[in-house]
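Now for the letters of each chain:
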Amino acid sequence: MAMAAEDIETLIKAAIPDAEVTIRDLAGDGDHYAARVISRSFEGMSRIRQHQAVYSALGGRVGGELHALQLETAVPTEMTSD
Amino acid sequence: MTDARSRIDEIVKNNEIVLFMKGTSLFPQCGFSSRAVAILERLGASYETVDVLQDPEIRQAIKEYSDWPTVPQLYVKGEFVGGSDIMMEMFESGELQQLVGTEA
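Note that the protein sequences, when read in sequence, are chains A and B. Just remember that my numbering sits 3 ahead of the position in the first sequence, which is counted from 1. Just remember that my numbering sits 444 ahead of the position in the second sequence, which is counted from 1.
It should be emphasised that the hints constitute simulated quantities derived from the structure, not laboratory data. Accuracy of the hints is not assured; some may be wrong.
The calculated lysine to any residue pairs, modelled on SDA-like cross-linking and capped at a C-alpha distance of 25 Å, are [to be verified]:
#1 LYS507/B x VAL462/B
#2 LYS521/B x ILE51/A
#3 LYS507/B x TYR491/B
#4 LYS457/B x ILE51/A
One chain only, chain B, in its complex shape:
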């Protein structure tokens, strides 16, 4: 489990914007993940995704990593930002655009 945790740490530190999700950005496997991808697409920022369904260890460890019970989870610049509800709130208020540096 510590191994999965250090893998998550690597991913989060090496990718400016990374979304842990169910499925892929082309084929999200859950409504919440789909919504998270739609928000990132609207932002027009480049981002990485990690499909937790392909990796049971990561799927479990990511919940402990952030003390957050659900997926999707967005990380920007090494920091946990939140799940899809927080992403939506921050997108609507313009905070997310500010955070990822795609302000219009």
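The shape of chain A in the complex, shown without the other chains:
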């Protein structure tokens, strides 16, 4: 029931084309990953909505096929405004 890091990246990019995706395999077991996803499309979205967008890109695999995905989302730094 494991997934390859490249598959995760491919799925995220298919749904969020401009996403800059960094995946780390946390336990080396193909089942516990950390992902950092940076996209302009996150601009103006709450953190919950940003994470939901990534979960939705992964089509219901998180919590099932993909046991654990530690997730960090952000908009590109040049777009953040205070």
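Fit chain B to the supplied structure of chain A, relying on the hints for placement.
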């Protein structure tokens, strides 16, 4: 299933801070739940926990309730806040302290 949903609704509305998790605050059964509990302990706020492993209906319904695929899930003042990653980000930025009213 609607029954489980209304039970969740009750829990969320009747507890200012509630964490749906795997296991208990003393014995978390998953690393993410353990991290969520550690953050709440650091906040020093009083909170309730619901062990979804003890209640398969809640375990399923909570995902639909928040449209969020994983547990733990934190609710503060009736609102879904996020999972352990969001809790950690908000703790580090001080937003979580602000939200639960334990600002130093």
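Which of the numbered hints above does this structure break?
none
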